[in-house]
Structure formats: structure tokens, C-alpha cells
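Chemist: Each chain is listed here by its residues.
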Amino acid sequence: MRKLSKISKQASDELDLIPAESCASSVDGQACPITSAALVEESANKEEKDLSRRRFLGMFGAVAGATAVLGTGIELLSYRAYAQSLPKTNNWTGNSGMTGSGAADMASTVAPPTHQWAMVIDLSMCNGCGSCTAACQKAHYLTPDQTWMKVFTLTNSVGQTYHLPRPCMQCENPPCLHVCPVHATFRQDQGVVLVNQDRCIGCRMCMAACPYEARYFNWNSDVKYPPIPVEATPEFPVPQRLGTVGKCTFCVGNLNHGLLSECAAGCSMGAIYNGDLKTDVAVNGMGTTVKLSKFLYEKNAVTYKPEQNTHPRVWYILGAGQDLSADASAAKS
Amino acid sequence: MKETDMNENVLLDENGHRAAQQAWAADVRRAALKPTIGRTSVAWRLSVTVLGLIVLAGIGAWIYQLKYGLGAAGYNDQAFWAVYIVDVVAFIGVSYGGAVISAVLRLTGQSWRAPLTRLAEGTALVTVIIGALFIFPHLGRPERFWEIPIFVNTSSPLFWDFMAISTYVLATVIFFYLPLIPDMAIVNKTLGRADRPVLYKIYKVLSLKWMGSERQRRMLHSVLTLISLIIIPLAVSVHSVLSWAFATTSRPGWMETVFPPYFVIAALYSGTALVIVVASAFRKGYHLERFITKRHFVRLGYIMAALGLVYAYLTIADLMSEGYTGITSGWIRETISGRYAIPFWFYVLAGEVLPIALVAVKKTRNIKGMTVASIGVVIALWIKRIVIVLPPVTQPLIGSYWGTYHFTWVSITITLAGVAAIPLGLMLLFRVLPVLSIEEMEEMGELGSVEQVSRETLEAQKHLPAFAYANGNGNGHVNGNGVGMPEKEVQL
Ligand code: SF4
Ligand code: SF4
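Going down the list, the sequences are from chains X and E. Throughout, the working numbering is defined as the position within the first sequence, counted from one, plus 321. Throughout, the working numbering is defined as the position within the second sequence, counted from one, plus 8.
The hints are simulated quantities; they were obtained by calculation from the structure and are not laboratory data. The structure displayed is predicted, hence computed values, not measured ones. Do not take every clue at face value.
Cross-link-like lysine to aspartate or glutamate pairs, in silico, EDC-like; alpha carbons within 20 Å at most [stated by the list, open to error]:
(1) X:LYS545 <-> X:ASP510
(2) E:LYS302 <-> E:ASP85
(3) X:LYS459 <-> X:ASP543
(4) E:LYS75 <-> X:ASP519
(5) E:LYS42 <-> E:GLU297
(6) E:LYS75 <-> X:ASP543
All chains should be modelled from the sequences, with the hints used to inform the complete structure.
Modeler: The following block contains the structure:
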């Protein structure tokens, strides 16, 4: 796992430009690396150039070309449209917030909403190696079936294959939350949708409702967990409870402690960025730091299955011919 | 309790038919009460033992599943809903049939219903309880079930399922209980206290001081009419809400506008079929041949066939638009010609073609034919529910990898236990309660049970108050209360 603080230290050493105010309300004693790194504009620009160079080396050639291809005929909600629809105050509490009687007491273990976590996945960078899945499974002691972060290999309309890493989208309008009969699924104030496995009755209504197949059940009692010194919490549900549902937690514990999520840290291609909509920064496992809104805007980032009205907190940057809209119909082959 | 002589009321006879009426009443009572008195037959004990063992095996399998997880029942992440939710839908579905058949026949004043109502309502009661119990193996954490009414989430379809099913169970219990009130008084009167002191006491309490006075009758019949009126829309709502547990998700194949009526009709269809199966079995086993005749089977067969046609229509409506546009039709392709084709076409044959053919052909329009047809429907509609549930569950929402549900001994045993619990529950129920609705049958008279009603009989019946209760209006008090049309009560 890569420590963010190290990156930020480098950045701040170079430019000494940490605005005190953006760190003001972070967790006690914790550095506020993303924030500090973020506002280092120059560094970000440099990194972006870096990124572009890498993309030029990609298999389908020029970025411009790819964007042009994608611009035609894809009716995905672009980040541009999304940004325009937002209120000017940039109040990212989403439209469903925390609901339910149980949400309040479970939120007590997480930091106040200094951050609104998001993720950007650059599909043009993903080579489908599956390191993100492996890192996630290792950290959360998942069974091989439980691919909280799953890399799908898909074929676009012209027959090219590409890879789609799919975490939980942390929907701002999460269908899984609405259907949960006992409020075991809740959305904490940083926008992360979590499951309280001490309350979940295992009805799997949420699995039926999630359009992204992001939820995984604990079907079997024969899973072996090593002795774990801490209590299982919704943020880090290890060991998981038999007969309840689990899913990607965005590694919100990591994020709040200045670390990248396991998948982002594990991705050797730097395709996965952890982002914070509040401080407008995103960082990937290679240490590339970008200004989030600018990055999404310029790369014309899209969300997956916008027609589901879920408002994901995960954006995809399409690269070479990925055709996300074709997947809804599934199984053409 | 003031013990008014029931016979005074029952057998009041102005036209000299007293003897015939008395004989009929005696026959009814003998047949209805025989299973409840004395030692049970060897066959009865053997069946109860075998069925009981199957139910016990199911409970054992459930305990195993509790220990090892739902994976033991063949579930996995791409088949997260399967056989138990199908059982919930199917059992509560057949229950609806029993209740609504009985309610509709009551409301329309069909005299031929009399020998069937108790069986139909008993079936409704037993199956709704079994269906509701199947929620427990369905849940990963059944011991947390109490959370549903505590941590209420009104935006969850499952909360409304909970509300709907519990209301419906309550209504079914009431619907079963009300016609029992006079019967329990009759039973206590007929059998006495001596050899059944406990039951006597229970009946005495539950029969609410029933004496058969005219005021009591009027009240009972208004209440029965009311609950019959309530139970029909209630059952419609239950099955609609059940269907919305599926249709409110965005899964192709479930998010269908046709789902609520689709579920309601499926419930009615399979429920009518189960009433036929139960009537056929109890007719043989409890020697009710005299009361439940070919006419009953043929009429229920007609109702079943009509519902079957509506269900076929809805099935086509469900598949048509999506199948044609092909937008999200992966599940349709798999249903019609892919991995779910065998169960789907089994439904078409055994659940539509066979029963409708058996009803249509005059030669097979008899007790045997109707029984075979309805067994086919009950099985085929359970399988149809599998075909409704599994393709949308196992379809890939991303990519093209289809999931598979594997039946295991655990899920099969638990389901079979549910099936065995129907006859077991009914046999135990009718060990303590009369298998026929005595009061109703006496009231409707013998005409409800005759094989063929001739025109002359029909004419004669109009002038014979003896066939109905002579309770002041000469029309039979059900109809006298403004329900149905007395003169057309017996139809050919
Ligand atoms: S991706 Fe699925 S599990 Fe995650 S928040 Fe959205 S609906 Fe819920
Ligand atoms: S499985 Fe658990 S988290 Fe999912 S809807 Fe049911 S109770 Fe809620």
C-alpha cells in the first residue's frame, strides 16, 4: 500500500503551498495529504502531461482520436453535463444523504464530512491484470468469488475487447439503500454507502436492486479468517458475518487516514484514482495527482449506466473504443 | 350456553320434507365429523407419520442450512434469489386461490360451493402459513426477522411485503374462523362433552355462544359478506406487492408493468388447481363422494381453464414487447430457447396445453381428468415461478457470464417439506374440525351436491322453502341478506 503522505510530502517540499484551511477539520493527528497535494496546481499539470504521454503509447494511438470516436453515438452522461446540473455551492451531500434510524449511530466512527469521496477509473490505462481485485481480496479476506472490485472483460461494438474495473459506485441515489428493509445499508456523510453486517437480515433485496452487481453475499460458513485485533465495522467489515451482504467500502478507513484504497494502491497502471470532491483532488497509485474537476471535465469522464439514475461517485475515463453503453444489453456473444 | 335445539331451526319444514331434510343433515354431520371422532384409521396414521417425517427432514435440512450458510442450498452471488422465494410466491399464491374461490362463490351465492368452502378455506389457511414460513429459509439471518417491524423502512418493498403478508394471514384466519362458529356449536351439540372435554371447552369458547338465532345468523352473514368482499382486494394487493419486490428492481425481466396482474392471476390459477387437487384427495380419503361430485370438479375446471387462458395471455404479454425490440431480451432468449427452455416449455405443456385440453374435451371432463389437469397446473406453475425468478437473477448485468443455480438436497428437502405440510396440516386440521361446512351445507340443501340438476328439480326448488332455511323469507338467509340472487341459485 502506498502512503499518500509521502507523496504529499514530496509535493509540499517542492512547492510549499499547503493551504492551512483545507486541512483544518481533518481527523485528529492525521495529515491531510490529498488536500495538500491537490492544490499544487503546477504539479498536477506536470502529472497530467505525464499521463497524456503514457496514453499516447497506448494501443489505439492518439487521445484525440479516441475521444473523437467516443464522442459519436454514446449517450452517456458526461461529467460536463453532470457538473452543469449541480448547484453552484458545490454542496456534495448528494440527494439521498443519510437516512434511517441506524445511520446516525453507525456514522460515529467516521470523520466529519471534510471529504466527499469519489473515484476515477481511466479505462485507457487498465490492462485487465486484476491486481486491484487481488489487493482488495487480500486486504478484506474475501473468498475468490467475492470480487468487490471486479474487472470485467468486455467487447465493444466493433469487436475490440477492453477492461472495466467495477467497484461499488457509491451511488448518490443508491437503489440498494432504498430497498433495504432494516436500514442495514446506509450512506455515511462522506458519500460512501456501507453495510452494517450486524443488522443485515440477509434478504438480498439490495443485490436484486444494484444495477452494477456490486454486492456479494456471505454464503458459506467455511471461510477462515485470521485473528483480527479490531472489531468489524461497516467501514472495515472483517471478519464478515455469515448470511449477510458485503461490498466495496471504498476503503473509506484508508482514505480517512490518508491512505489510498487498496485497489488504487494495487494498480500498477495507475488507472484508479481516489478522489475527493470537496477538495477537488484525485490521486492514483503512481502518485499522479490531478485537479479532479478539471481532470473529469477535460477527459470527458462518464458515469456507468446513467439511465439508472443512480448518480455514481465513480467516473470512467474512456480511452480506446470502450463502449460502456453497449453493456446494458449484455451477452451478445 | 343456552342450548337451543339446532334442529328446530335447521329442520323447520313446512312442506313435509322434514324427513328428507333430516336424513340429509344427518348424512352431512356423519361425514363431516367422522374423521374427528374415535380412533383414526391405519391409513390416516400412516400418512401423517410419513408426511410428518418429511416435514421433520425439511426442518433438519433448514438447521443444516443455518449452520453452513445459504451456499448449502445452492445459492451464489449470481443466483441470489431462487427456490425459497419461489416457494414463498407459490405457496402464498395457492392460498389466494382457495380464499378467493370461496369468497367469490359466497358473494355470488353459488349453492354448489357448500361442500367445498371448508376445504378451500382450510387449504388457504394452511398454505398461507407455509408460504409465510418460507421467508425464514430465504433469509440469511432469520433470527433478525424482528428487525423488519422495528427498523421500519417504508421505501423498501420488503417492508410492504411484510405488511401485506401479515395482514393477509390474519384475514385468512378470520375467513376460516367465521363459518366455523356455527359449526363448532353444532359439533358440541352433536358430540357432547364426555369423550372430548378439552376440545369441548375450546369449541365452546370459540363458538361465541352461538345458538342459531336469526339475529346471530344475520350478523354472521353480514360479517362473512364483508370479509369476502375484503379478502378479494386484499389478496390482489398481496400479490401485487409481492410482485413489486421483483418489479421495483431495475433488472430486465422483472421491471415489467405486467407483473402485478401476472402474479395475481398466477396465484388464482394455481390456487384453483390446488383446491381441485385437495377436493379430489379428500373426496376419496374422507369418503365425501356423496357431497363433492363431478359437477364441482367440472365447474372448478371451467374456472381454472379460464384463468389458465388469462395467464397464458399475460405470459405472452410479458415476453412480447421486450422480445420483439430485443433491448434487454437476453433473459427471454434464455427462457424460450436457452438454458431455461426445458422448464418453460414444461410449463406451456403441463400448465397450459394439457389442462385446457382436458377441460375442453368432453370425455376427459370428469373427476379424473380435472384432477390430472390440476396436478399438472400446480406443478407447472411452481416451475413457471422458477422461470420468472431465475433468468433475471442469473443474467449478467455487466458482461456476458450467466450464473447458475444448482438445486441441492437442502433446498429440495425444505421445499418438499413445504409440500408435505399441506396435506399434513389439512389432515390435522380436519382431525379437530369438521371437514365440511355443516351449517352451510344444511342451509344449501342437497341440491348443492347432486350430480345433475334437472329442470324439474330446479322448478320444484323454487317452491320448496325446505331446501333453504325457513328463516322468515323462505329464500335462504344468505340470499335473504341481499347477496346473490336466490332464484338463480342453482344453475345447470
Ligand atoms: S453500486 Fe450498487 S451497491 Fe454500490 S451504492 Fe450503487 S446500488 Fe449500492
Ligand atoms: S441483504 Fe442486508 S443490506 Fe441487503 S437489503 Fe437485505 S438487509 Fe439490507
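Chemist: Now, for every hint given, state plainly whether the structure supports it.
Modeler: Cross-check of the supplied hints:
1. Distance hint between LYS545 of chain X and ASP510 of chain X is unfulfilled; the C-alpha atoms sit about 32 Å from each other, more than 20 Å.
2. Only pairs whose Cα atoms come within 20 Å are accepted, and LYS302 of chain E paired with ASP85 of chain E is rejected, the gap being roughly 49 Å.
3. Proximity of LYS459 of chain X to ASP543 of chain X is assessed by CA-CA distance (about 17 Å); at most 20 Å being required, the pair is judged to hold.
4. Of the pairs offered as hints, the one joining LYS75 of chain E and ASP519 of chain X holds, with about 17 Å between alpha carbons and a cut-off of 20 Å not exceeded.
5. Between LYS42 of chain E and GLU297 of chain E, the direct Cα distance comes to roughly 14 Å. Compliance with the 20 Å bound is thereby established for this hinted pair.
6. Among the hinted pairs, LYS75 of chain E with ASP543 of chain X is consistent with the structure: their alpha-carbon atoms are about 10 Å apart, no more than 20 Å.
Violated hints for the displayed structure, listed by number in ascending order: 1, 2.
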